[in-house]
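Engineer: Now for the letters of each chain:
2 protein chains.
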Amino acid sequence: MALIFNKRDPIYMQVMHHFRRLIVSGELKPGEEMPSRRQLANQMKINPNTVQRAYSEMEEQRLIYTEANTPSKVTEDPDIVKQLKKEWLDQALTHFVSAIDPVDISLDELMTMIEEKLANRKKGN
Amino acid sequence: MALIFNKRDPIYMQVMHHFRRLIVSGELKPGEEMPSRRQLANQMKINPNTVQRAYSEMEEQRLIYTEANTPSKVTEDPDIVKQLKKEWLDQALTHFVSAIDPVDISLDELMTMIEEKLANRKKGN
DNA sequence: TATAGTGTACTAGCTATATAATACAGCTAT
DNA sequence: ATAGCTGTATTATATAGCTAGTACACTATA
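Line by line, the protein sequences give chains A and B.
For what it's worth, the numbering used here labels the leading residue of the first sequence as 1, then goes sequentially.
For what it's worth, the numbering used here labels the leading residue of the second sequence as 1001, then goes sequentially.
Source of the hints: derived by calculation from the structure; they are not laboratory data.
Just so we're clear, the structure is a prediction, and the values are computed from it rather than from any experiment.
No residue lacks a Cβ here, since even glycine has one placed at the ideal position from N, Cα and C.
Only true hints are included.
Here are the in silico distance ranges between beta carbons for each label pair:
#	chain 1	residue 1	chain 2	residue 2	range
1	B	S1025	A	S36	43 to 51 Å
2	A	K45	B	I1105	27 to 35 Å
3	A	S36	B	P1071	55 to 63 Å
4	A	E116	B	H1018	25 to 33 Å
5	A	H18	B	E1067	41 to 49 Å
6	A	A68	B	Q1061	48 to 56 Å
7	B	P1035	A	A119	40 to 48 Å
8	B	S1106	A	T94	15 to 23 Å
9	A	L3	B	E1115	30 to 38 Å
All chains should be built: construct the whole structure from the sequences, respecting the hints.
Structural biologist: Written as structure tokens, this is what we have:
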């Protein structure tokens, strides 16, 4: 998991996004240990404080929790995970529908294009 | 057309996005006159230089063109407009498919949710 | 008891962005 | 001609957000 950063968005936000995605997909399971701040900073070649910022915001959002002097862990509250998944999906839909709004295209055409994209995606394109 | 700016993205980019959208939707037609830099700056309560930055980038992208001392106009090249529409749609699809990737959901469910969103959108929700 | 690992806190500096203030050249209608 | 529009260019400044550097407190373990 290399994680390439874009220069537009703040790194700490991209880190947050990365982990939210992992939780949504289930690759990070409830109760699982997060990488320590310094570990992750080394891996990603970024500053530990940047990781700290991402983690502390995720903690505010109850996505992770921290006990004294031990690496943070993913929340074990199923409702929070469920809520995250719901928000993630809803936001994706909202953005998409909003983006597509000015485009003159039929629903059928749209569906076809989505299917194609999804198919290509799986092939690695 | 109020156009509310978010604080994350640079204003000049949001202005560009605004006009790209208008061209995609056809609300701005080929050859149509753009608001003058100063006019738009007044309307949007932003600095004329910010508008200038947006316009000059759009000009580099051939979306608009400028003749001496007269307001810029929307490109009259149909290929450029066509290309813009294509890119717009493709980008929306790519983002969406990428966002949806970690979510565990069937294609049918997805389609249903999109239809719902589209329907709600039209109602003004 | 040290050492090395946790998380946390504070401060300073950098960079991108936005703004502001001018200035200049050219067109057009009054 | 003159006033008021265009677009364009330059420079300086302010500010906010992000990142980097450093230090501290705590805990476990060798």
